[in-house]
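K.L.:
Given the coordinates of chain D, assemble chain R onto it according to the supplied hints.
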Amino acid sequence: MTIDISSLPKKALRDTYGEVLVELGKIDPNMVVLDADLSESTRTHKFHEAFPDRFFNVGIAEQNLIGIAAGFAYTGRTVYASSFAIFLSGRPWEIIRQQIAYNKLNIKLVASHGGVSVGQDGASHQMNEDISLMRTLPNMNVIVPADSVEMEKVLKKVHWIKEPFYIRMGREKFPIIMPQDYEFELGKGYVLKEGSDVSVIACGVMVSIALQTAYELEKEGIDVEVINMASIKPIDRELIVQSARKTGAVVTSEEHSVIGGLGSAVAEVLSEECPTILVRHGVEDRFGISGPAWEVMEEMGLSVEGLKNKIRLALSKKTK
Amino acid sequence: MRDINKLKEIARELRIDIITMVYNAQSGHPGGSLSAIDILTVLYFGGFLRYDPKNPWWEDRDRFILSKGHASPALYSVLAKAGYIPKQELQTYRKTKGFAPDGYSRLQGHPAWQGNKHGVPGAEASTGSLGQGLSIAIGQALSGRLAKKDYRVYVMLGDGEIQEGMSWEAAMFAGHHKLDNLCAIVDNNNLQIDGDVRQIVNIHPIVDKYKAFGWHAIEIDGHDYQQIINAFEEAINTKGKPTVIVAHTVKGKGVSFMENNFKWHGVAPNKDQYEKALLELTAGGV
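Going line by line, the protein sequences match chains D and R.
Just so you know, we're using the numbering used here here: the first sequence kicks off at 1 and counts up by one.
Just so you know, we're using the numbering used here here: the second sequence kicks off at 1001 and counts up by one.
Check before you lean on any hint, since a few could be wrong.
Incomplete in silico selection of chain R near chain D, CB under 7 Å [stated by the list, open to error]:
#1 Gly1109
#2 Trp1113
#3 Ile1136
#4 Gln1140
In silico lysine-lysine, BS3-like type, Cα no more than 30 Å apart, as pairs [what the hints assert, rightly or not]:
#5 Lys1117/R with Lys156/D
#6 Lys104/D with Lys1006/R
#7 Lys1239/R with Lys104/D
#8 Lys1117/R with Lys233/D
#9 Lys1148/R with Lys156/D
#10 Lys1149/R with Lys104/D
What the hints contain is simulated information worked out from the structure, not anything from laboratory work.
Heads up, the beta-carbon is just placed ideally off N, CA and C, and yes, glycines get one too.
Chain D extracted, bound-state conformation (with noise of 0.2 Å):
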């Protein structure tokens, strides 16, 4: 089977998470929901907009921005707290220990921008290592969807989930690879191609390039698995080590520093369960550039092609 992913309708998580903060908001008034003047990019205007009592936005103040949601948490609300990825864990990010990860809060802190894709903003806007921040933190869950109906039904499962998460988006929209039937569960991963050669695990926009990547290599005879694992923290351990069993060697792959994110948390599984030939593609030990957001990720090797590279070397790993 051959599908040219880059044919397939297209949605920005963000518009679906300002969409669902609505929703979510008309059931559970005891949600309130922050941003630090950026509301309109990550959207959560829409719930300011439809609930202006229960929206507060702090300004350019991401410190505050995580105290003030702790204090609503330790009044027993449900608190949604936003900004792009590298203001919401990077800079308040001993706050977030201290209060949220420390006392497990009930506040779900939603990241966009996250990656390089932000494109033309540049380096100082390119966050490659929240994922790897968030997830040292004991009690903080981390998801990564990787598509806007995978993000719909994240929010609309850990809504009720009282614990602290981490959820990142990218800013661009991502073409839309979930089956719309296809239910998240907090710490399993999705089998979105089988395959016998090697297991490529990728989470977030890097799904969708996963796909495309394995029906592409499928005309040249190479059987790729493909998972989605946007529950990276905690992370599917049983899924990871019965398909590297299965083919023996795994591509992880990330819009995200090959440091600390979920090719760490995969090699750390594989070492502690089944040693296997493991490749890491992802943002290497670098900072980004400026530019459109698909041409950075071509330079940055996040790619069809830049996969195709990874996978080749893994397989060539496998055959020595």
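P.N.:
Just chain R now, kept in the frame of chain D:
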């Protein structure tokens, strides 16, 4: 209860608890606990804070957050006196074992929120990492306003602590939102861990800064009970603005050799010093 002599008697008892806790643990922060304790005594035992120690999660309770969390001995001594925790639990301060459900201590070096698995009943936030308390108090105050509840939120900051930028993000926000159910107290003892606040990075004039952000500001002697009482009354009666009480205090207040000496920020007394401190406090010098 507004009997000043009785309040002073309570504060003397709490000072002894503070010194004893730090001495027992051979670790902790006596200086900033002693500077804060007169204000906390009036807040908790002078009829200002609305609370029920038998029901620490009572929704309509007033909240107090000790943002300068290193002064935890002051908070713990108050919580024991108020009946949130048994007095003997004070012996578990900074110790491994204690009264948490899993057997660990709930009286950590810096307080953990009562909902935390190692939190202490009556602690309204996890603090210790400085600069965060005012933002948290704002969240609680906004939540109360949204729920149309009439509870008030009090937060104590250190004068050194407000060097943290986050505290000014919060000050700006609270003024903007006219949070009159919020009262901040600055325990202005002039000393931080490395020395004199004015010499390290001067944060004065504090009162003018808060006023510029739209606060009502009151300046008092933080060891003068009538002034503390008047200030809390004024804060409650101030509408349309948050109130800050800048309380001039003496670090180490009540123990002569600790007073105004920054070296006593985070040091425990030895046996001789402890006995000398007890003698001074029981002799009623305060």
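K.L.:
Could you run down the list of hints and mark each one as holding or not?
P.N.:
Hint check results:
1. Gly1109: Since the shortest Cβ distance to chain D is 13 Å, the answer is violated.
2. Trp1113: holds (5 Å)
3. Ile1136: holds (4 Å)
4. Gln1140: holds (4 Å)
5. Lys1117/R with Lys156/D: Holds, at about 27 Å.
6. Lys104/D with Lys1006/R: violated (40 Å)
7. Lys1239/R with Lys104/D: Status violated; Cα separation ~34 Å.
8. Lys1117/R with Lys233/D: Holds: Lys1117/R and Lys233/D sit about 21 Å apart, inside 30 Å.
9. Lys1148/R with Lys156/D: holds (28 Å)
10. Lys1149/R with Lys104/D: holds (25 Å)
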